[in-house]
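K.L.:
Quick note, the sequences are listed as chains A and B, same order.
Each step along the first sequence adds one to the number in the working numbering, with nothing skipped, and position 216 is 216.
Each step along the second sequence adds one to the number in the working numbering, with nothing skipped, and position 102 is 102.
Just so you know, these hints were derived from the structure itself, not from any lab.
It should be emphasised that the depicted structure is a prediction, and the values quoted were computed from it without experimental measurement.
Hints are not guaranteed to be accurate.
Only part of the chain B face toward chain A is listed, based on derived beta-carbon distances under 10 Å [to be verified]: (1) A8; (2) A11; (3) A74; (4) L80; (5) V83; (6) P129; (7) R165; (8) F167; (9) Q169.
Glycine is no exception: its CB is placed at the ideal position from the N, C-alpha and C atoms.
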Amino acid sequence: MCAVVVTRDRRELLEGCLSRLQRQTRPLDAVLVVDNQSSDGTPEMVRARFPDVRVLTLEENAGGAGGFHAGMRDAHAAGFDWLWLMDDDSFPEPDALAALLEGAARAPDGEPPLLLASAVRWKDGRLHPMNAPWFAWRRPAELAEGIRCGLLLLRHATFVSVLIAREAVERHGLPLAHYFIWTDDFEYTGRILRSGRGYLVPESVCVHYTPRAHTPQSDGGERFYYFVRNSLLLLRGDVLSARERFHYGLMSLKMTRAFVRTNRGRPAAWRTIARGLRDGVRDPVR
Amino acid sequence: MRIARTLAELAAAEDEEWILCLFGGAEPEPDALRRLQAHAAPLVAGAVRDGSGALVEAWLPKGTEVDPDRVVAAAPQRILPVVRATLAHTLVRGALLREHGPPDPRHGAHAADVWTARVLRDEPGVFVPAAVARIARAPRPEPGGPIATWRAARTGAWGRYEQMRRFQQSLTRRL
C-alpha cells in the first residue's frame, strides 16, 4: 500500500495532507511525494517533518498528470499492490483508507474491483463539485449489485483519494502525462472502468481543501486551456463510447459557455478557448 | 394492502393505503415486503431475479437525475433514490394514485416510466436491491409503439435525448 501525493509550491497544505496520512487507522506501507519543482522549501519540509516519506523530485513541472504518471510508475515498479492517489490539498479522514479496503472486501462476487474512491467533500460537508462522482448508470445490473453491498459503481473518478489496484496499471498502463492538468483522471479512470469495476465507498471520506468549491469553468483563467484541449483529446480517443462522447461533448460545450460568461466574453477568454481547440485537434491522443 | 398485477388493478386500488405492484408475473420472496416497507418513501421498488439468479435488467429503475449528494448519502443504507421506476416489484402509496391518477394505458410500454416520473417529481422514491421477487423467465421487453411513444413524449417526462432514443426504438422495434 503506497500513497502517491503530487505537490507543487503548497508546503503548508502538503504538511496537512501528510499529517493525515500519518494518522490513518490502517497504516500505510509507504508514502511517496512527487514534487513538481517546488520552490518554497517543500522537499526540505518533508525531509525534516516526515523522514519516512520518500520524495521524488521531477526535472520539470509536469503538472498533476505528469506527477501521477511518474509516481505511479515508481510505486508500481517497487511492487505495491495498491496505489492511493491524491493531490497535496487532499485531507483524508482517519479511517478513509481502512474504509476503502473494507469496501474492496465486501464488493460483489466476480471480478475484484480495480479502483475504489472516497466520497470527496469540501469544507462545508457537501460533495465537492470538482470531484462529483460519475456513476455507471449504463450498467444498471452491476450498479444494483453494488448498492446491495453499500457500494456505488463508478464510470469515472478523480485523483483525490482514489485507490488503484496493481492489476489496473498492468492492464491499462499509466495516466497520460501530456495532459498536464485536468481531465487526466477522468481519462485514466474511464479507461480502467470501461470494462473493469470500480466503486465509490461512501464511508471513506476525504476533504478536498480548496479555497472555494470550484469547477474548471469557475476556477478558469488561462488554465481553462487545458480543459478545452484535454476534452478534445478525450473525445478523439477510445475511452468513451459513442453515446458517452455525445454527452461529454454537450457537457464540455456548456462548461465552455459558462467559462465565457464568467469572464464576461473578454477576448482573453476566447483566445484561451481557441488555443485549446487548436492543440486539442493537433496534439497526439496518447 | 392490495396486490396489483395490471394497470387496471392498480387503477382500481386507489382507496388502499399501499399497493404492491407485481406487473410481469414475479413473486416476492418471503422477506421482500418487509424490506420494502422499511423505507418511508411514497414509492419503493425492489429487484426481480430470474431462474438463474441474475437481475432482470429491464425491470430495474433507471435514471440519472438524482442529486449525487443524495445518492451517496443513501448508499450506506444499501438503497438508491430514484425518480423513475418500473412496476414489476414496487410498493406504491395509495395517496399517489389519489393525487396523480393512475398510469395512462395509452402510453403503452412507457406507462410505468411516465407515471413514476410524474409522481416522484417532488420527492424521490427508493430502490431496495435486497428486496427480491423471482420469476422463472422474464418476458422479453418490447419497445413502445410509435403512437404510444409520441403520447408519452408529450407528457414532458423525458429530456430531448431520451425522446429521440425512445422514438428510434419504437420505429426500429429494437431496444
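K.L.:
Taking the hints in turn, state whether each one holds.
P.N.:
Taking the hints in turn, this is what the structure says about them:
no.	hint	verdict
1	A8	violated (28 Å)
2	A11	violated (28 Å)
3	A74	holds (9 Å)
4	L80	holds (5 Å)
5	V83	violated (12 Å)
6	P129	holds (4 Å)
7	R165	holds (9 Å)
8	F167	violated (16 Å)
9	Q169	violated (14 Å)
The structure is inconsistent with the numbered hints 1, 2, 5, 8 and 9, although it conforms to all the rest.
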